[in-house]
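A.B. asks: Letter by letter, the chains look like this.
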Amino acid sequence: MDTVTRRKFLLASGVTGGAALAAGAGAMGLHALLSGGSDAPVLAADEGTLVIVTLYGGNDGLNTVVPFNDPAYHKARSAMAYEAGQVLALDETLGLNRVLKGMHQLWQNKQLAIVRGVGYPKPDRSHFRSMDIWQTASPEHPIGTGWIGRWLDGTKSPAETAVSFEPVLSPLLVGETTAGACVDVGGLRLPDGISPEMVSAFGQASTDEPDMQARVAGTYADLITVDGLIQEINKSATASPTETGTSVPATGTGGGDSLTAQFDLIARCIEASVPTRVYSVSLGGFDTHATERPAHERLLTQLDTALSAFLTRMTKTDAGKRVVCLVYSEFGRRVEANASGGTDHGTAGPVFLAGPGVVGGLYGEQPSLTDLDDGDLKATVDFRDIFGTILSRVLKSDPDQFLAGYRSTSLPFI
Amino acid sequence: MASDVALLLRRVGFGPTQAELAAAQRAGYAPTVQALTAPSTPDVGASATPVPDVGSDPINKYANPTDSQRAVVSTERERQTRQITTWWLDRMTVADHQALEKMVFFWHGHWATSIGKVIRPQLMMIQHRTLRGTNDFSTLAHRMVRDPALIYWLDGQLNSRSAPNENLGRELMELFLLGIGNYTEQDVKEAGRALTGWIINYTEATTHLAPAQHDDKPKTVLGTRKNFDADSLVDHLLGQEVCPEFIAARLWYRYGSSSGAIPADVQTAMVAAFPDAMAMLRAMVGTEAFQATAGQMVKQPVEWLVGAMRQLGLRLGGMPTETVDLILYGLNRLGQVPFSPPSVGGWPAGTLWLTAGTAQVRLATAGRLAGLAPVTGLTAESLASLLGIPAWSNRTYAGLKLATTPKQLLTLGLVSPEYLVT
Chain A
0 MDTVTRRKFL
10 LASGVTGGAA
20 LAAGAGAMGL
30 HALLSGGSDA
40 PVLAADEGTL
50 VIVTLYGGND
60 GLNTVVPFND
70 PAYHKARSAM
80 AYEAGQVLAL
90 DETLGLNRVL
100 KGMHQLWQNK
110 QLAIVRGVGY
120 PKPDRSHFRS
130 MDIWQTASPE
140 HPIGTGWIGR
150 WLDGTKSPAE
160 TAVSFEPVLS
170 PLLVGETTAG
180 ACVDVGGLRL
190 PDGISPEMVS
200 AFGQASTDEP
210 DMQARVAGTY
220 ADLITVDGLI
230 QEINKSATAS
240 PTETGTSVPA
250 TGTGGGDSLT
260 AQFDLIARCI
270 EASVPTRVYS
280 VSLGGFDTHA
290 TERPAHERLL
300 TQLDTALSAF
310 LTRMTKTDAG
320 KRVVCLVYSE
330 FGRRVEANAS
340 GGTDHGTAGP
350 VFLAGPGVVG
360 GLYGEQPSLT
370 DLDDGDLKAT
380 VDFRDIFGTI
390 LSRVLKSDPD
400 QFLAGYRSTS
410 LPFI
Chain B
0 MASDVALLLR
10 RVGFGPTQAE
20 LAAAQRAGYA
30 PTVQALTAPS
40 TPDVGASATP
50 VPDVGSDPIN
60 KYANPTDSQR
70 AVVSTERERQ
80 TRQITTWWLD
90 RMTVADHQAL
100 EKMVFFWHGH
110 WATSIGKVIR
120 PQLMMIQHRT
130 LRGTNDFSTL
140 AHRMVRDPAL
150 IYWLDGQLNS
160 RSAPNENLGR
170 ELMELFLLGI
180 GNYTEQDVKE
190 AGRALTGWII
200 NYTEATTHLA
210 PAQHDDKPKT
220 VLGTRKNFDA
230 DSLVDHLLGQ
240 EVCPEFIAAR
250 LWYRYGSSSG
260 AIPADVQTAM
270 VAAFPDAMAM
280 LRAMVGTEAF
290 QATAGQMVKQ
300 PVEWLVGAMR
310 QLGLRLGGMP
320 TETVDLILYG
330 LNRLGQVPFS
340 PPSVGGWPAG
350 TLWLTAGTAQ
360 VRLATAGRLA
370 GLAPVTGLTA
380 ESLASLLGIP
390 AWSNRTYAGL
400 KLATTPKQLL
410 TLGLVSPEYL
420 VT
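So the protein sequences, as listed, match chains A and B.
Each residue of the first sequence is one higher than the last, beginning at 0 in numbering that gives the first Met the number 0.
Each residue of the second sequence is one higher than the last, beginning at 0 in numbering that gives the first Met the number 0.
Mixed in with the good hints, there may be bad ones.
[As the list claims (entries may be wrong)] Covered by chain A, according to a simulated footprint, are these stretches of chain B (three or more residues, beta-carbon under 8 Å):
| hint | stretch |
| --- | --- |
| 1 | 362–375 |
| 2 | 386–395 |
| 3 | 410–417 |
[Unchecked claim] Heads up, simulated BS3-like pairs for lysine-lysine below, C-alpha to C-alpha not over 27 Å straight-line:
| hint | chain 1 | residue 1 | chain 2 | residue 2 |
| --- | --- | --- | --- | --- |
| 4 | B | 116 | A | 121 |
| 5 | B | 116 | A | 377 |
| 6 | A | 109 | A | 315 |
| 7 | B | 400 | B | 298 |
| 8 | A | 121 | B | 188 |
No lab work stands behind these hints: they were computed from the structure.
These numbers come from a predicted model, not from an experiment.
Ideal placement from N, C-alpha and C gives every residue a C-beta, glycine not left out.
Take the sequences, apply the hints, and build the full model.
C.D. replies: As structure tokens, then:
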């Protein structure tokens, strides 16, 4: 897995060749979005905003939503297992990982839904293929469009309806004719001697040059715009204080750099009433094959801090109250720990939904730790049922149109 | 015609040096086409950078590797992967026969196979030698259906009579030989059956047909019913009228224009040269339509990096490991590392490369290259000559005027819209 780069995930099979990308839809700039240059309709009062949080690398579901009372858990995980007193209890059998304090508060506020045992038939243990399956919502056949991309196509939405604050476009936002917009959240880090003024100068339009040259210039204008935004965020008193210093080094399995920074940009966009309906953010590093516990807790802390600060901020505006966050990973991990204090690639895992409009609680059946499929959990919920519910309840669309032939069953979490 | 020669050199190679461009302009367009596509002098640069022997796969040392031995193997394979990646980029930079080097990279993107799944650098290098050494497309197609890396990449070794896997059969039609829309789902299944039974010997890095696992019943592919096997299937697909047209269109997409379809007359001229790939390219660049494509391509990250190193007199070979790693990291962030295409569909083209995120990485990488380059006394005008740019736009010229050192000027030149687009 080490040689599989972030981009291989994000431009998974077939997706790169889409007509939408050939047309350059992915390069749409944030400056156009925030300057109101969008043709997208403003949100209707019943329409929600979706924030998709992708955890790259395969999050260990069993150490995230911990079955702390199950002897089979302690037997399989031995030194890696959490004791009853070490988790934030949800009920008598399950507890959240001890670092998920903000999410536990959301749970107590009945704003956190946990869908257990989520997966798909014939699980694939390749990061690459499994993430592709989730993002395209097509377990049986590789297809060239993501589920949000198809929704963009079907609703004839402009690119800025779906926005990703990542350096490259996620396949989930790529449709046949439309692709979401993508901008890097990293802010301006320029080489020695190169000033923002120089980059700004390159971002100016010039007459009599080919369109593609103008597009290159546009990327420098975008870079300056994003930098301006990030500088404002960093100055802003409401910004989360965890902006720097908490980032875990990338492990080459994909995912964004700072989840907090990505969420801050989303918050600004939502507060500015931009017409974006879907945001995609990500966090990488969950491929914890060795000495998992400290690394995993560090990552979960990042998720918890970013997500709970964002949702707290969202309760302050009407637009914010319609936000639903979806948190998923390409697979869970093997039930049995390996010899390196880590876990290998597994199958089903929990999916989180959080937000003011979410009906908190547990959904789906907790997979058995003894009735296994070749050492892995048997999925009890198909992830497309979650996507279908979101399409229907948040995006107010017919789910069957966008799930590649799958007829989803709605879950009552919204 | 001066600018046309520059376009020719940029498209057919990785980016001409000042000396190469001047020589080509003196020689003229047609002789330059000839020199590029049928060089008459030996390739001194290539001779100086022989294909590396990465040694055998480290896993071969262990019958039943433990976890810690697997970790050692994994580290060694990573080292080998870095070695072949660095070597190839270096070869692209120093090779005199630029058209051949660019063509090898084209075929890598066409038969896109990634070490991300294949894992073994040895198999990637076997495929690389095949791509490098096979100009005849028909021969290449026959070699590729038995190529260990391609078979592993597309699960061919799992494709047996009892458990057919259509992955390779599908891509053979969709991406490699015919193009999407030129076959049915039934054809895919039948082609998959024809390709059953190929086994990979990882220790020997070879493939062979296991008759017991091969489906030797008749199959119907594109209207023809017969007992197809891998070779007769490939022959059958190569014989389809759409095959040469498809290959011509793929070459146009990477060499002519990623936004405009191949003009009919260009396609006709190229099809006439099929299956000689270099002759097809020669036919393309000889057309007026090709010479009218300036400004329609965005340089791929590898083209951009290698072209810049050629023009700045830099090469990865001999650089400290840390510097090489930083440059490879930049390429990775830009989205294009040799031997690691994102999918079997190969790399994207055109404006997909252009995001604010890649703009930032490009700036950082350009700054790094400029810091390594032994350049002094640069002006906006001499920068244009160095990078082979006919003229700066007003916008870029104004930006360049803000630079106060040669390093700043060079960095800006490398990220300028004029330099990114060809």
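A.B. asks: Each hint needs a verdict: does it hold in this structure or not?
C.D. replies: Hint-by-hint comparison with the structure:
no. : hint            : result
1   : 362–375         : holds (count 7)
2   : 386–395         : holds (count 4)
3   : 410–417         : holds (count 6)
4   : 116(B) / 121(A) : 19 Å, holds
5   : 116(B) / 377(A) : 25 Å, holds
6   : 109(A) / 315(A) : 17 Å, holds
7   : 400(B) / 298(B) : 25 Å, holds
8   : 121(A) / 188(B) : 20 Å, holds
The structure fails none of the hints (numbered hints given earlier).
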